[in-house]
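*Asks:* One line per chain: the protein sequences are A and B, in this order.
Once you know that position 160 of the first sequence is 159 in numbering that gives the first Met the number 0, the rest is easy, because the numbers rise by one and skip nothing.
Once you know that position 43 of the second sequence is 42 in numbering that gives the first Met the number 0, the rest is easy, because the numbers rise by one and skip nothing.
Since the hints were derived computationally from the structure, they do not count as laboratory data.
Quick reminder that beta carbons are idealized off the backbone N, C-alpha and C, glycines included.
Possibly wrong hints are sitting among the right ones.
Label pairs and their in silico Cβ distance ranges [claimed, not checked]:
hint	chain 1	residue 1	chain 2	residue 2	range
1	B	E53	A	R164	44 to 52 Å
2	B	A48	A	E198	16 to 24 Å
3	A	G200	B	T15	53 to 61 Å
4	B	G30	A	A232	19 to 27 Å
5	A	E58	B	A13	30 to 38 Å
Computed footprint of chain B on chain A; a stretch qualifies when at least three of its residues, placed anywhere within it, have a C-beta under 8 Å from a C-beta of chain B [as the list claims (entries may be wrong)]:
hint	region
6	58-69
7	75-85
8	126-139
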Amino acid sequence: MNTLSVRALLVRGMLAGLAAGVAALLVAYFLGESRVDAAIALEEHAAGGHHDHGGGEEELVSRALQATGGLATGVLVFGVAIGGIAAIAFCVALGRIGRFGPRATAAFVALGGLIAVYVVPFLKYPANPPAVGDGDTIGKRTALFFLLVLLSVLLAVGAVLLGRRLAPRLGNWNATVAAGAAFLLAVTLAYVFLPSYNEVGPDFPGQLLWQFRLATLAVQAVLWTVFGLVFGALAERLLTPESARPRPAETVAA
Amino acid sequence: MAQSVAPADAGIPAITPLSLKAIAPWAVFIGLLALVLLYFVGAEQGATALVSGEGIHEWVHDGRHLLGFPCH
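The task is simple: from the sequences and hints, build the whole structure.
*Replies:* Set out below in structure tokens:
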């Protein structure tokens with residue numbers, strides 16, 4: 000296949016990412032925003048808080064805008080970017096990770112993306128609501144978070160390559176299990192050796208923290224799931240010749 | 000030996016992989032674009048800043064929190 004279908008796949012990846020972003024935006028708005036507001040209310044109650052989010056003297060962006068236009072910008076742009084990157088991964092994975100069609104390959108890429116890009120970093124450095132986090136350590140925390148995302152993605156790619164290597168000797172199933180175990184072991188080592196931090200104050204309500212973190216996980220899970228399903232359908236349509244597609248309508252209508 | 004042969008009638012025709020040479024230029028182009036976008040959504044005016052001020056940070060503030068990035 001030629002470079003044209005690569006371009007067509009990447010365009011579809013970004014469109015599917017946009018659709019996924021819309022779904023994730025709904026979850027973020029309805030599940031997450033109330034938790035963000037609750038955290039900001041706590042922050043403002045804390046006497047002399049040094050953060051200027053929300054009702055500071057000069058408010059650059061109002062809370063109403065942050066929760067709608069701002070949130071939408073962030074989530075939709077994230078969706079498009081992730082869609083583009085995941086579509087690249089799909090192009091490489093298609094036909095190289097086993098006998099899977101476009102839809103199944105897209106589903107595997109989306110699942111792998113959710114785990115490698117979000118779940119693995121999240122378990123070590125979980126998301127924090129406003130009012131949690133010392134402004135002085137933002138540099139270190141950002142660096143560690145992105146480092147773990149990068150490391151996790153590289154380890155996941157390494158695990159897939161390892162699985163392909165082992166497949167002729169162990170068979171597909173056992174090779175996949177072995178590669179998965181190697182990935183888990185490597186991630187565990189990374190967890191052990193990377194520094195931890197916890198900047199949740201002793202007074203911050205556990206319930207709110209838990210609900211906020213679950214909401215972020217829901218946002219990501221919905222984003223990757225919708226991406227996998229939509230992109231899988233678009234890729235299948237693009238790559239499967241018309242004649243080879245099953246026609247459920249014909250069997251009924253004829 | 001080895002090579003657990005999938006039955007020929009497995010239902011899914013074997014798919015020819017896209018050549019890496021065809022993927023590479025698009026991967027670089029779209030990959031870089033996506034990374035720039037992710038940087039502006041996830042980190043700009045947080046740990047590092049290319050544009051001065053707080054406007055970008057404040058605008059994507061809620062998205063940054065709810066997507067799981069360290070925000071402030």
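*Asks:* CB of A48 (chain B) to CB of E198 (chain A), is that within 16 to 24 Å?
*Replies:* For E198 (chain A) against A48 (chain B), whose Cβ atoms are near 21 Å apart, the range 16 to 24 Å holds.
*Asks:* G200 (chain A) and T15 (chain B), beta-carbon distance inside 53 to 61 Å?
*Replies:* 56 Å, holds
*Asks:* Do the beta carbons of E58 (chain A) and A13 (chain B) sit within 30 to 38 Å of each other?
*Replies:* 59 Å, violated
*Asks:* Taking beta carbons only, do three or more residues of the region 58-69 of chain A come closer than 8 Å to chain B?
*Replies:* holds (count 7)
*Asks:* Within 19 to 27 Å: is that where the Cβ-Cβ distance between G30 (chain B) and A232 (chain A) falls?
*Replies:* 24 Å, holds
*Asks:* Closer than 8 Å Cβ to Cβ for three or more residues is the test here. Does the region 75-85 of chain A pass it with chain B?
*Replies:* n = 7 at 8 Å, threshold three: holds.
*Asks:* Taking 8 Å as the Cβ threshold, is the statement that the region 126-139 of chain A is covered by chain B upheld or broken by the three-residue rule?
*Replies:* Coverage by chain B holds for the region 126-139 of chain A (8 residues, Cβ < 8 Å).
*Asks:* Quick check: does the Cβ-Cβ distance between E53 (chain B) and R164 (chain A) fall within 44 to 52 Å?
*Replies:* 49 Å, holds
Comparing the model with each earlier hint shows a violation of hint 5 alone; every other hint is respected.
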